[in-house]
Structures are given as structure tokens and as C-alpha cells.
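So the sequence lines, in the order shown, correspond to chains H and Z.
The numbering of the first sequence is our numbering, which starts it at 14 and goes up by one.
The numbering of the second sequence is our numbering, which starts it at 6 and goes up by one.
Hints were generated in silico from the structure; no laboratory data involved.
Take these hints with a grain of salt, some might be off.
[Said to hold, decoys possible] Over the 12 Å line for every Cβ pair with chain H, so calculated as not near, a few chain Z residues:
#1 E11
#2 I18
#3 N23
#4 K31
#5 S33
#6 N36
#7 Q42
#8 R46
#9 D71
#10 S78
#11 A86
#12 K101
#13 T102
#14 I103
#15 A106
#16 G107
[Said to hold, decoys possible] Selected chain Z positions facing chain H (Cβ under 7 Å, derived; list incomplete):
#17 Q38
#18 G47
#19 L48
#20 H50
#21 I54
#22 F111
Backbone N, C-alpha and C fix where the C-beta goes; we use that ideal spot for every residue, glycine too.
Given next are the chains, with one letter for each unit.
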Amino acid sequence: DAGVIQSPRHEVTEMGQEVTLRCKPISGHNSLFWYRQTMMRGLELLIYFNNNVPIDDSGMPEDRFSAKMPNASFSTLKIQPSEPRDSAVYFCASSYTGADYGYTFGSGTRLTVV
Amino acid sequence: SQQGEEDPQALSIQEGENATMNCSYKTSINNLQWYRQNSGRGLVHLILIRSNEREKHSGRLRVTLDTSKKSSSLLITASRAADTASYFCAYTGGFKTIFGAGTRLFVKA
Chain H
14 DAGVIQSPRH EVTEMGQEVT LRCKPISGHN SLFWYRQTMM RGLELLIYFN
64 NNVPIDDSGM PEDRFSAKMP NASFSTLKIQ PSEPRDSAVY FCASSYTGAD
114 YGYTFGSGTR LTVV
Chain Z
6 SQQGEEDPQA LSIQEGENAT MNCSYKTSIN NLQWYRQNSG RGLVHLILIR
56 SNEREKHSGR LRVTLDTSKK SSSLLITASR AADTASYFCA YTGGFKTIFG
106 AGTRLFVKA
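Please model the complete structure; the sequences and the hints are all you need to start from.
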């Protein structure tokens with residue numbers, strides 16, 4: 014398995030533009046998580062899907078952020094409109110509920126909003 | 006804040022020495038995990054310890070869990086330069102996994 018695949022690896026965009034981050038989880042995993050990492054706030058859970066259904070989106074900062082999981086092999090995180098304070102590394106992770114091997118993280122998308 | 010607490014924030018040791026990192030949390034948990042993150046990369050899962058376990062080993066890693074004190078420690082024995090990374094604890098209560106702020110470990114060759 015190629016692991017959790019995220020794209021793009023890097024994204025530089027202008028304030029006000031729409032940004033879409035993509036994630037392909039590991040085949041067979043039924044849980045998917047979006048995290049954001051910054052120096053100031055560390056790793057923050059944004060949203061959690063189980064069996065493609067959003068279970069908890071209380072970590073989504075505001076209405077500018079939205080996430081979808083249309084099927085078991087694909088998820089997107091969209092920011093519209095983007096702001097400079099959204100600059101961070103966004104990680105997608107997947108796991109199998111109840112498993113003892115923790116989460117598998119993607120390599121992340123480094124987002125810079127100028 | 007979503008973060009658990011880890012200490013020290015940074016640790017610098019010589020190759021061959023042992024490194025100990027500590028983690029404290031605030032809620033009841035199902036399990037606690039430790040991850041490593043190399044600069045510019047994603048997190049890699051190292052070890053998971055369940056709430057009914059007290060100690061677990063994996064290679065040069067030893068994890069302890071004290072649920073009465075809501076704390077855990079990660080010991081890396083005989084450290085190597087390649088162990089240089091940030092280490093995060095993550096505790097799971099219910100379906101949420103909360104990550105600590107991390108300990109930055111630097112192992113000098």
C-alpha cells in the first residue's frame with residue numbers, strides 16, 4: 014500500500030482564493046481525520062469521518078472551512094475564502110476503528126496564503 | 006487548547022544515551038499512542054498502550070502508562086543520531102485523539 018496520499022504537497026495562494034486539499038486514505042481503513050499543524054497551536058483535529066460520515070467537525074475553525082468524503086477512498090478539505098492565518102501544514106490520517114496500530118498520516122500539504 | 010502536555014519541550018543528548026519524554030493528559034482514555042515526526046514529514050506511529058496496560062516495549066522503545074496520575078513516558082534507549090525528531094503523545098478518549106505539543110529530541114553524534 015502506498016500509504017495515505019495527500020495532494021498537493023505545497024500550495025501558495027492569494028488571500029481570498031479557494032483552496033482544495035485532497036486525501037486518499039489507506040484501503041480498508043474506515044476512519045479519516047484532518048489535522049492542522051502550526052507552531053503556535055500544534056496539531057489540531059479539524060474533522061473526523063467514520064465510514065464516510067462526518068462524526069465531529071467541532072474543530073473546523075469557521076464556516077470558511079468545509080470537508081467532504083464522497084466515498085471510502087477520497088476526501089477533500091476546502092477553504093473558501095482563504096486568509097493568511099490559514100497558513101499551516103494540513104495532515105490527513107486514516108485508521109481502522111479499534112485497531113491497535115494507531116493512525117497512518119500522509120505527508121501533509123503545506124499551505125501558504127499571501 | 007486541544008493539546009496535552011509534554012515535557013521537556015526540547016532535549017539534547019549524546020548518541021548512546023537514553024532519552025525520556027513525559028506526557029500528561031486530562032481526561033479518561035481508551036489508549037495512548039506515541040508518534041515521531043521528522044522535520045517536514047508526517048507523523049509516524051511508534052507504539053500504542055491501552056488504558057489497562059502499564060508498560061509496553063517495542064525494540065529500543067519503552068512506554069509506561071499511569072492512569073492514576075494521567076501520565077505516560079517514552080524511553081528511547083541507546084539513542085542514535087537518526088532518532089533526532091519531534092515526539093508526540095496522543096491520547097484517545099471516545100473517538101477523539103488529542104495530540105500533545107511534542108518534545109524535540111536532538112541526538113548528537
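Here's how the hints hold up against the structure:
A cut-off of 12 Å between C-beta atoms contradicts the statement that Z:E11 is not in contact with chain H; the least separation is 10 Å. The beta carbon of Z:I18 sits about 23 Å from the closest Cβ of chain H, which is more than 12 Å, so the claim that it is off the interface holds. The Cβ of Z:N23 sits about 23 Å from the closest Cβ of chain H, beyond the 12 Å cut-off, so the non-interface label holds. Its beta-carbon lying about 15 Å from the closest one in chain H, Z:K31 satisfies the requirement of being farther than 12 Å from that chain.
For Z:S33, the condition that its CB be more than 12 Å from all CB atoms of chain H holds, with the nearest at approximately 17 Å. Consistency note on Z:N36: stated as away from chain H, yet its beta-carbon is not over 12 Å from all of that chain's, at 8 Å minimum. In this structure Z:Q42 is not separated from chain H by more than 12 Å, as the shortest Cβ-Cβ distance comes to only about 8 Å. Against chain H, the non-interface label of Z:R46 is violated: not every CB pair exceeds 12 Å, the least being about 6 Å.
No Cβ of chain H comes within 12 Å of the Cβ of Z:D71; the nearest lies about 20 Å off, and the non-interface call holds. Interface exclusion of Z:S78 from chain H stands, the closest Cβ pair being 18 Å apart, more than 12 Å. Annotated as non-interface, Z:A86 keeps its C-beta farther than 12 Å from every C-beta of chain H; the closest such distance is 22 Å. Listed as a non-interface residue, Z:K101 fails to keep its Cβ farther than 12 Å from every Cβ of chain H; the least gap is roughly 7 Å.
Annotated as non-interface, Z:T102 brings its C-beta within 12 Å of a C-beta of chain H; the closest such distance is 7 Å. A Cβ of chain H approaches the Cβ of Z:I103 within 12 Å, the least distance being about 7 Å, so the stated non-interface status is violated. At roughly 5 Å from the closest C-beta of chain H, the C-beta of Z:A106 falls inside 12 Å, breaking its exclusion from the interface. A beta-carbon of chain H comes within 12 Å of the beta-carbon of Z:G107; the shortest separation is about 7 Å.
The beta carbon of Z:Q38 is positioned within 7 Å of a beta carbon in chain H (closest approach about 5 Å), and the interface hint is therefore held. Taking 7 Å as the C-beta cut-off, the interface hint given for Z:G47 holds, the closest approach to chain H being about 4 Å. The beta carbon of Z:L48 comes within 5 Å of a beta carbon in chain H, closer than 7 Å, and the hint placing it at the interface holds. The beta carbon of Z:H50 comes within 4 Å of a beta carbon in chain H, closer than 7 Å, and the hint placing it at the interface holds.
Proximity of Z:I54 to chain H is violated relative to the hint, the smallest CB-CB distance being about 10 Å (cut-off 7 Å). Look at Z:F111: its Cβ only gets to about 17 Å from chain H, farther than 7 Å, so that hint breaks.
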